[in-house]
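Engineer: Sequence:
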Amino acid sequence: MFKEKLNTAVYTSRFVIENGSPILYVFHYDDGTWQFSGSEQDLADDDFRIVSLREIIEHDESVNGVGNMPLGSQATRLNPESPWRIFVKN
Numbered sequence: 000m001f002k003e004k005l006n007t008a009v010y011t012s013r014f015v016i017e018n019g020s021p022i023l024y025v026f027h028y029d030d031g032t033w034q035f036s037g038s039e040q041d042l043a044d045d046d047f048r049i050v051s052l053r054e055i056i057e058h059d060e061s062v063n064g065v066g067n068m069p070l071g072s073q074a075t076r077l078n079p080e081s082p083w084r085i086f087v088k089n
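Going by numbering that gives the first Met the number 0, the sequence shown opens with residue 0, and the numbers climb by one from there.
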């Protein structure tokens, strides 16, 4: 679960929030911000969207499983049925 409030602004892509692309990558940056991305590559600035954490959880409740990642870490999975793998920065 996330310690942040559900109205916290997070980054995602238009592919996730508008097209229903599955979330396959989660980044928890050193500054505390979160990003939730699909498999799309080479995103342009206008492909990114800012939404609430609530919207991301409603899109995919499994992200709650990585909500306690430390700053500077990331999680990946092959597809929505795969388990999350968390990588912590040393």
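If you're looking for bench data, these hints aren't it; they were derived computationally from the structure.
Just so it is clear, CB atoms sit at the ideal spot from N, CA and C, and this is done for glycine as well.
Take these hints with a grain of salt, some might be off.
Stated by the list, open to error - Quick list of the computed label-pair ranges, beta carbon to beta carbon:
| no. | residue 1 | residue 2 | range |
| --- | --- | --- | --- |
| 1 | Q40 | K2 | 12 to 20 Å |
| 2 | D41 | K4 | 18 to 26 Å |
| 3 | P79 | R13 | 13 to 21 Å |
| 4 | Q40 | K4 | 28 to 36 Å |
| 5 | K2 | D59 | 15 to 23 Å |
Engineer: Give a verdict on every hint.
Structural biologist: Results of checking the hints against the structure:
For the hinted restraint 12 to 20 Å between Q40 and K2, the CB-CB distance of approximately 31 Å leaves it violated. The hint said 18 to 26 Å for the Cβ distance between D41 and K4, and at roughly 32 Å that hint is violated. A hinted range of 13 to 21 Å for the beta carbons of P79 and R13 is consistent with their spacing of about 19 Å. Take Q40 and K4: their Cβ atoms lie about 31 Å apart, and the range 28 to 36 Å holds.
The given range of 15 to 23 Å is respected by K2 and D59, whose C-beta atoms sit roughly 19 Å from each other.
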